[in-house]
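A.B. asks: The primary structure of each chain is shown beneath.
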Amino acid sequence: MYGNDFGAPEEAPGGGLLGEVEAAEAALREAAARQRRGGPAPDDDLAAYFAGVVEADQKIEPRDWMPEAYRKTLIRQIAQHAHSEIIGMQPEGNWISRAPSLKRKAILLAKVQDEAGHGLYLYAAAETLGVSRDELVDLLLSGRQKYSSIFNYPTLTWADVGAIGWLVDGAAIVNQVPLCRCSYGPYARAMIRVCKEESFHQRQGYEILHTLSHGTPEQKAMAQDAVDRWWYPSLAMFGPPDGESTHSAQSMAWKIKRFSNDELRQRFVDMCVQQAEVLGLTIPDEGLRWNEERQAYDYTQPDYDELMRVISGDGPCNRQRMEHRRRAHADGAWVREAAAAYAAKRAEKKETVAA
Amino acid sequence: MNGPFEFALRLGDDALIAAQRLAEWTTRAPEMEEDVALANIALDQLGAARLLLTYAGELEGAGRDEDALAYLRGDREFRNCLLVELPNGDFAVTMAKLLVLSAYQLPLYTALAGCADERLAAIGAKARKESAYHLDHSSLWVKRLGDGTEESHRRMQAAVDQVWPYVAELFAPDPAAPIDPATLRPEFDATVADVLAEATLTPPETSWAPAGGRDGVHTEHLSYLLAEMQVLHRAHPGAAW
Chain S
1 MYGNDFGAPE
11 EAPGGGLLGE
21 VEAAEAALRE
31 AAARQRRGGP
41 APDDDLAAYF
51 AGVVEADQKI
61 EPRDWMPEAY
71 RKTLIRQIAQ
81 HAHSEIIGMQ
91 PEGNWISRAP
101 SLKRKAILLA
111 KVQDEAGHGL
121 YLYAAAETLG
131 VSRDELVDLL
141 LSGRQKYSSI
151 FNYPTLTWAD
161 VGAIGWLVDG
171 AAIVNQVPLC
181 RCSYGPYARA
191 MIRVCKEESF
201 HQRQGYEILH
211 TLSHGTPEQK
221 AMAQDAVDRW
231 WYPSLAMFGP
241 PDGESTHSAQ
251 SMAWKIKRFS
261 NDELRQRFVD
271 MCVQQAEVLG
281 LTIPDEGLRW
291 NEERQAYDYT
301 QPDYDELMRV
311 ISGDGPCNRQ
321 RMEHRRRAHA
331 DGAWVREAAA
341 AYAAKRAEKK
351 ETVAA
Chain Y
1001 MNGPFEFALR
1011 LGDDALIAAQ
1021 RLAEWTTRAP
1031 EMEEDVALAN
1041 IALDQLGAAR
1051 LLLTYAGELE
1061 GAGRDEDALA
1071 YLRGDREFRN
1081 CLLVELPNGD
1091 FAVTMAKLLV
1101 LSAYQLPLYT
1111 ALAGCADERL
1121 AAIGAKARKE
1131 SAYHLDHSSL
1141 WVKRLGDGTE
1151 ESHRRMQAAV
1161 DQVWPYVAEL
1171 FAPDPAAPID
1181 PATLRPEFDA
1191 TVADVLAEAT
1201 LTPPETSWAP
1211 AGGRDGVHTE
1221 HLSYLLAEMQ
1231 VLHRAHPGAA
1241 W
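In the order they appear, the protein sequences are chains S and Y.
Everything in the first sequence is counted per the working numbering, starting at 1 for the first residue and increasing by one.
Everything in the second sequence is counted per the working numbering, starting at 1001 for the first residue and increasing by one.
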């Protein structure tokens, strides 16, 4: 079973969601064990075979036939996820040099390094669909593919590093845990690994905020200010409301997506309320209250017009993030060329020796 | 030199400032794989720095922990070599710096692993494995860039020329130290000579040998590096993080 085993919100985040990831991993192994042998017979209807695999909650693998639109949807989604990991290194990387203790510096550096690793891992998953990483990077740099809009907001204080961990990574995990059961095998497996690491990141962010909110008055104010600024952009991470979401229905049918944007957003809000109480920080929403009938919190929706503005390029940091990425790529061109030239020379030498 | 305290401080400051510089590359590396690798090396240096500074603080006995030593000293109190505080420059300069640093740290930590001071020996035993990787990584890049394209060869040679004068300071004799750096020079020379030869680079000849880092007389760069590193910590005296 999936989807109804989200436990009650916990004091320290990560635990319940990690349990979900492990359940998904077990289900993945089970699915692999009962995988049909040998794929479709020569005279099988390929589309029917594909539908059957999805229907049976088994995994589509790179060698399998798949509808072109399914392939395209996955490439877009996995690539945007990979781009988000790479661009997402910037706002947090912004505080590595100024981290306030050596321990925090080490934790933050390791976290940003993990994100680079996630990016690489996801690009590799996308490559199983017949597209190269270089092509995808070009699509990012030329602005034809997007990354998560949340990274177009600035990290103004150290507490933002905590708020990103708690809220942004928290929202990402809520979004990604169901993807551990995605119908496309390589993506599901990538998400299992990514989610495990993300839950550590979320815990670390939560700890940063906890320390700040229990520190000096200035530190507590810094933490509250960060939560005030990151709360609504984090809610917007789940995308437009269900009625306006363009990709949702088909992705649900293909079991790429398992829950609607609004369902996931609600799950995130419910998870955060109690954690905020333990943190001693206030979620900046006067409309936030428990709804006995729905057994969930009522909350104020984020400003979707703002989300659309940021997606279309007019967020506070869109230009800065893209320029940074383009510059790093351009500045590294001579290094990549040198590595290729050196490898070619070595291969030539080897051939000469072999001949 | 004031015994093991000063010695641990020197090594710890080398590692800390190297980590700070290497971490500046994060999100800026020429390849995503290199972002991971440079962050990894920065983390190793930072890890060694924390162990060494913590131990230095204990040896001093004045109640200073790793953060007090890292965040609350001015540049005249830092004891790192000048090499590590030099700006990153392009990727070739960074790799030249890392080659020199790791070819120095590897024999140093290896010797330390066998020294009489148990704490320093344990730190050396851990750090030498990391240094071996740093040396491997930087050597490979120096060879790739030296023997890559015309442009990369030119940049790599310029980087080596720029960095080489700072080598002498690393091996200034100090017979009273737990490990006398001068004794490590032959191994360093042999290591880098092989790498430069394979990289088709010319070993630089230099008579200029800037020094002073071990006495707290640094380049102009260190004060800026510390200003950035220490700004938040110093803005909240006594706060816990």
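Calculated directly from the structure, the hints in this document are not laboratory data.
Computed from a prediction, not measured in an experiment: that's the story for all the values here.
One should not assume that every hint holds.
Within a straight-line C-alpha distance of at most 25 angstroms, the following computed DSS-like cross-link-like pairs (lysine-lysine) qualify [claimed, not checked]:
{"#": "1", "chain 1": "S", "residue 1": "LYS220", "chain 2": "S", "residue 2": "LYS146"}
{"#": "2", "chain 1": "S", "residue 1": "LYS72", "chain 2": "S", "residue 2": "LYS255"}
{"#": "3", "chain 1": "S", "residue 1": "LYS196", "chain 2": "S", "residue 2": "LYS255"}
{"#": "4", "chain 1": "Y", "residue 1": "LYS1129", "chain 2": "S", "residue 2": "LYS72"}
{"#": "5", "chain 1": "S", "residue 1": "LYS72", "chain 2": "Y", "residue 2": "LYS1126"}
{"#": "6", "chain 1": "S", "residue 1": "LYS255", "chain 2": "S", "residue 2": "LYS103"}
Which chain S residues face chain Y? A few, computed with CB under 7 angstroms, are given here [claimed, not checked]:
{"#": "7", "residue": "GLY93"}
{"#": "8", "residue": "ILE96"}
{"#": "9", "residue": "SER97"}
{"#": "10", "residue": "ARG98"}
{"#": "11", "residue": "ALA124"}
{"#": "12", "residue": "LEU139"}
{"#": "13", "residue": "LEU156"}
{"#": "14", "residue": "TRP158"}
{"#": "15", "residue": "GLY280"}
{"#": "16", "residue": "THR282"}
{"#": "17", "residue": "ILE283"}
{"#": "18", "residue": "PRO284"}
Here are the in silico distance ranges between beta carbons for each label pair [said to hold, decoys possible]:
{"#": "19", "chain 1": "S", "residue 1": "ARG144", "chain 2": "Y", "residue 2": "ALA1190", "range": "50 to 58 angstroms"}
{"#": "20", "chain 1": "Y", "residue 1": "LYS1126", "chain 2": "S", "residue 2": "ASP242", "range": "33 to 41 angstroms"}
{"#": "21", "chain 1": "Y", "residue 1": "ARG1076", "chain 2": "S", "residue 2": "ALA221", "range": "32 to 40 angstroms"}
{"#": "22", "chain 1": "S", "residue 1": "GLU30", "chain 2": "Y", "residue 2": "ASP1189", "range": "45 to 53 angstroms"}
{"#": "23", "chain 1": "S", "residue 1": "THR352", "chain 2": "Y", "residue 2": "ALA1211", "range": "43 to 51 angstroms"}
{"#": "24", "chain 1": "S", "residue 1": "ARG29", "chain 2": "Y", "residue 2": "ALA1168", "range": "54 to 62 angstroms"}
Quick reminder that beta carbons are idealized off the backbone N, C-alpha and C, glycines included.
A.B. asks: Now tell me if each hint is right for this structure.
C.D. replies: Each hint tested on the structure:
1. LYS220(S) x LYS146(S): 35 angstroms, violated
2. LYS72(S) x LYS255(S): 15 angstroms, holds
3. LYS196(S) x LYS255(S): 21 angstroms, holds
4. LYS1129(Y) x LYS72(S): 45 angstroms, violated
5. LYS72(S) x LYS1126(Y): 48 angstroms, violated
6. LYS255(S) x LYS103(S): 41 angstroms, violated
7. GLY93: 5 angstroms, holds
8. ILE96: 5 angstroms, holds
9. SER97: Holds. Min distance 5 angstroms.
10. ARG98: With a closest approach of 5 angstroms, the ARG98(S) hint holds.
11. ALA124: 11 angstroms, violated
12. LEU139: This interface hint is violated because 15 angstroms lies over the 7 angstroms limit.
13. LEU156: 12 angstroms, violated
14. TRP158: Result: holds, 6 angstroms to nearest chain Y Cβ.
15. GLY280: 15 angstroms, violated
16. THR282: 21 angstroms, violated
17. ILE283: Hint violated; ILE283(S) Cβ to chain Y Cβ min 24 angstroms, cut 7 angstroms.
18. PRO284: 24 angstroms, violated
19. ARG144(S) x ALA1190(Y): 50 to 58 angstroms: 52 angstroms, holds
20. LYS1126(Y) x ASP242(S): 33 to 41 angstroms: 53 angstroms, violated
21. ARG1076(Y) x ALA221(S): 32 to 40 angstroms: 34 angstroms, holds
22. GLU30(S) x ASP1189(Y): 45 to 53 angstroms: 60 angstroms, violated
23. THR352(S) x ALA1211(Y): 43 to 51 angstroms: 46 angstroms, holds
24. ARG29(S) x ALA1168(Y): 54 to 62 angstroms: Once the Cβ atoms are compared, 59 angstroms apart, the range 54 to 62 angstroms for ALA1168(Y) and ARG29(S) holds.
Violation of the numbered hints given earlier is confined to hints 1, 4, 5, 6, 11, 12, 13, 15, 16, 17, 18, 20, 22; the remaining hints are satisfied by the structure.
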